Amino acid sequence: MDLTTKYLGLTLPHPIVPSAAQPLTKDLDSLKRLEDGGAAAVVIHSLFEEQIRTEASNLEHYLDHGTESYAEALSYFPAAEEYVLGPEEYLAHIQKARESLSIPVVGSLNGHSTGGWTEYASKIEQAGADALELNIYYLPTNPNLSGAEIEQVYLNVVTEVKGRVGIPVTVKLSPFFSSLANFAQKLEDAGADGISMFNRFYQPNIDIENLEVDPTLHLSTSAEILLPLRWLAILRPQLKMTLSATSGVHTAEDALKLIMAGADVTHVCAAILKGGAKVIGEIRDGMATWLTEHDYESLEQARGSMSQASCPEPTAFERANYMLVVHSYRG
Amino acid sequence: MATHALSIFGDHSDVMATRSTGWGLLASGSIQEIMDNALISQAAALKSRLPFVHFFDGFRSSHEVNKLEQLTEDDMRAMINEDLIREHRARALSPDHPVLRGSAQNPDVFFQARETVNPYYRDCPGIVQETMDEFAKLTGRHYHLFDYLGAPDAERVVVMMGSGGETAQEAVEHLVAAGEKVGLLKVRLYRPFSNEALLAALPTTVRMIGTLDRTKEPGAAGEPLYKDVLGAIAEARADGTSPFATDPRVIGGRYGLSSKEFTPGMVKGVLDNLAADAPKNHFTVGINEDVTNSSIDYDADFNTEADDVVRAVFFGLGSDGTVGANKNSIKIIGEETDNFAQGYFVYDSKKAGAVTVSHLRFGPREIHSTYLIRQANFVACHQWGFLEKYDVLRYAAPGAVFLVNSPYPTAEVWDHLPRVVQEQIIAKELRFFTIDGYEVGKAAGMGTRINTIMQSCFFGISGVLPRDEAIEQIKGAIRKSYLKKGAEVVAKNNAAVDMSLENLHEIEVPARATSTIEMPPTVRDTAPEFVKEFTAEIIAGRGDDLPVSAFPVDGTFPTGTTQWEKRNIALEIPTWDEDICIQCGKCSMVCPHAAIRMKIYGPEKLEGAPETFKSVTWKSKDDDFQNLKLTIQTAPEDCTGCGLCVEVCPAKNRAQPKLKALNMEPQLPLREPESVNYDFFLDLPEFDRKKIDPSKVKTSQLLQPLFEYSGACAGCGETPYVKLLSQLFGDRSVIANATGCSSIYGGNLPTTPWSVDGEGRGPAWSNSLFEDNAEFGYGFRLTIDKHTETATELLQTLAGPIGENLVTALLSADQTTESGLWEQRQRVGELKEKLAGIDSEQAKSLLSLADYLVKKDVWIVGGDGWAYDIGFGGLDHVLAMGRNVNVLVVDTEVYSNTGGQMSKATPLGAVAKFAAGGKPTAKKDLAMVAMSYGTIYVARVAMGARDAQTVQAFLEAESYEGPSLIIAYSHCIAHGIDMRQGLSEQKKAVECGMWPLMRYDPRRAELGENPLILDSKPPKIPVKEYAYGQNRWKMLTQSKPEQARKLMEQAQAEVDARFKLYQMLAGNGGQD
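Line by line, the protein sequences give chains A and B.
Take the first sequence: its position 24, counting from 1, is numbered 13 in the numbering used here, and each next residue is one higher.
Take the second sequence: its position 626, counting from 1, is numbered 653 in the numbering used here, and each next residue is one higher.
Source of the hints: derived by calculation from the structure; they are not laboratory data.
Predicted model, so just to flag it, every value in this text is computed and none were measured.
Beta carbons are placed, not taken as given, at the ideal position from N, Cα and C, and that holds for glycine.
Incorrect hints may have been included.
Here are the in silico distance ranges between beta carbons for each label pair [to be verified]: (1) B/Pro700 to A/Pro132: 35 to 41 Å; (2) B/Tyr1055 to A/Glu88: 23 to 29 Å; (3) B/Tyr1055 to A/Asp18: 15 to 21 Å.
Covered stretches of chain B, as calculated for chain A (at least 3 residues, CB under 8 Å) [said to hold, decoys possible]: (4) 340 to 352; (5) 362 to 376; (6) 676 to 687; (7) 921 to 928; (8) 990 to 1004.
If we strip away everything but chain A, and leave its shape as in the complex, we get (with noise of 0.2 Å):
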């Protein structure tokens, strides 16, 4: 069965690339173990900007704290030559990455001002990556701050890097716009070569017999799929640009429901860390199977036949939908 599928301009064999997860990306073995067990691509876990605004200042702050106070301690760690930052690191990790594996090879930011940080864009390219994804995290709380002005953001940052780099540049997006049509629309203006469905944000649980804030993070389920596999159906008819999905990719049955809606590549996390990068491999025979089955040519020619232009009810995606799923559920 032919998967090929178009992602950012590469043409990869199918369309399951495992995503942007410390877990999964954060050596040369683990890439390794990726790539054998059959991701099309691999998008390297984040480079954040806090990462570069901080490491070296505290760094810094442990080495001098304490030091030139008392006259036979005037310092408390011996003198480096230099040191390699988390920035560095992760660029070196991604020259590896891309000297050791044949599939291509996409670098992660995450960050949301413009400004220093940025130049990172053009290292990650100069270190080999073929493209780059955008991870603007960013929860706003500030209520003098407009929808627009926080849309700004997000052109600004993806011009910026446009600015930089020559490599296709995807932006990771959250599901928290007015009006996402609309934005999706203004970033493909602005240059993005293409937009990955949803974010994940890390939602804070509170213990109540500590009275803390418990920085839990939930594995997805195959139920999370519905968010973007609805907002995929709508924007493909609309936009041009590389549409990814993530967000709950578990079997070949999710990858393929992800990829009717409109879907390029899907992206694999939480199964990956649940069975191991072989589960990579069982997705990618299972759609082949399915296809093979239900006698598809290709996998192209499922692609987007669900979606909002293509499905037999566009309005099922709309707004009405939701009284007919509350009433059905009363039923």
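Fit chain B to the given chain A structure using the hints.
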């Protein structure tokens, strides 16, 4: 050398102690000479076949920054003869051409063999001179065994060695220029001492020689250099080779012990003494020795510094980076201009809130001034609070510039100055500048590190360099210093530089002083006389002026004096919410400075309490503890603001869980009211020790701490254990303390943190040496036991007159509880009364020993550098001897006091000095070593992980009638952690299995039980989760990532294996 006290500062006592080894001794006086003589001594050692000690003055030279001409590798190659290296190698022990060295010799031959070295000593001075001559050809700097400078026809000559010679040079050149016939002879090669070279170097016109020894040799007829010079002259006279028509008279004196200031005025004083009709011999200079009147007078205002030398003094905090910035300034000026530059830095003996004073000189000629600046033309005060504590402007010369970092708006700065400071500014006609460095620092993202800001201001005002060039140079230096730490750090420093000059303002000085702010007294009026007359002088920075007669003769000082030194270094202090408090006692337990305390008392005691004094009903199920009030009180002026108490506090405000029962609040508004509250708190009676259960954390904290307000780092991880010891056993303990942090915060003048209770009892403490501390404490035990034994014998002998009942009661007393101890003390009191009425030698003798009938504890305290390394042999010996001593090892896993050198306690993979690539081997398991004897009580504790186990271990160790060893995890500034999180670091160390809590009690073995109890659960987090939260491990991932990964794997494997071993030995899976 440790004599009556330890001093780490510079003098020649240590060098003099090495004389009998026969090594060559080559002295350097300047920074250039230190580099040059390193090469000369190396080359001469190879040629002469004598080992050399090349020495220079500790601190005055070792910590001075000065411009020098650097030797090149070519210079070094040219000076070292490769043939000699090969010959040296050929003499090495090798099985390929075996020899035996270090035989044991008998009376028949030892003496002759010892004399075989004579030709080498005879030839050595000549070889050194040849080497110096060769060196001169290469570099143009020509040294001699003795270098004379001054008038060729000098009549009075000073002979000395080391850094003092630089100051003497400056003074002598000044006097010669004024027409005086004086000179200076610098001794370079002190051993082998060449009489011929000495005599040849002196002008034949000399009538009076003043030798200056930087050492004291009590009991000798004179100090070493004095006797060497005297001997050379006498010998030459006797054998007819004297170059003098009339022999000069030699007068010897001492100066500069422990880096005591040595100034041109003192040099002139020495020369004046030589000119006196009856010169004082065996004199001292630089101090007021008013007991035997050995000191000579000198003119303290005698000034030899040229007007074209820029002299700048900076007052800073250790934590604000002042010293680092000044070192950078010296580099900039020294490297980028033709000027010479010199820096010297005076540090604090306190680690929390440490004050630094930087002395910088810049000038067109070489700078020989090896003494502190007295007349500065630039004085900077980087901390406003210093203006009320120190006489900052005593350093200012008339017309100097004065720069202050002020937290006030420019218009208000003048009015906030203390009156004395205003008066000095007016009287000395100073130009006055100010900047709000913290505001600039905040804006630039630098926090409280205002170093770059104040440095920019210095360059902006001083004009040492043109402004723009200076700014460019500072930025260049920032790039060099910080680039390896990341571009962001460079960027924020640069931003600070740019903002500094915009925010620098000159203040027009009014004609009259108007301030009503007075300098507070150094200590309160209620302090004891000794503190007011002696201690306060040191605190105020006038220790140099104290005469010898003011001192105790044998290094003995009263304890409990830190209470008079109110340092006010905390920006924020904890405040207590009594309604939220669950009365657990943890805050008091973990406070490193005994600055938060708890007391319970009857409600009637609250009469007359200050308005804001807080109390709450004490919760207890015990009948004896009903109807009592509890107060948890902060000592606002002693707290260092470390925040450990707030972090450990488990009680949260339910409505606002960000608030706890303790919360940090700004100190300044609380200082007055809380001081009044604290005084009231201290006056409340201590609760009866007999009734307190010491085995619970909560109640243990009702015991009065007898270790308080030390100079340890804010958030220190060692002192909470030391304080706990003082609470539980302080009234009956003698402490032998190894050298290290605990001897510094425990016994560094001016004030003493070991304290006394209401009865006047408390820990008696002494430091001996680093290496012998266990034996030192063992000696205490033997002495105490002998005293007790003698007292027991005398008691039995005197049973008749004393009374059988009392004697029996005294000898059979149970002293295992506080009540038992109290009762025994009552009996001893009764005994003393009876003995006073018995007129016999035996009764007098028993009276002097009666206190030894009450149990005495011996505690041997020290860090891991002592216990694992330098004092290990002795510790092992003492533990093996089976006597009742208690050893507390405050284990920071590194030599903390000397700046983080690796010890055998350093864990695998951690970076330390001498382990820059991460320690490749695992930590020595000292507990396992001690357990192997089977007769030693051993505990490993971590207060931050399980405080109850800590208390239990201390009580068990003390009650065991044999040797006990407690190894206590002590978080440390040298770990590179947020010290406020120190206790969570301890918890993680235990949770990852790296620090298994355990107690090994030989008494359990006697009962047929397993003596080992593992108090830790099996590891529940990976080692790296603990380790990578600390810079000592983390930094390796940033400097050598691959190495870090490998070591972390090994560390994890090692921890797993060791924990399993403990589980196996304990026969359990690790209990809760």
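Can you give the numbers of the hints that this structure goes against, from lowest to highest? none
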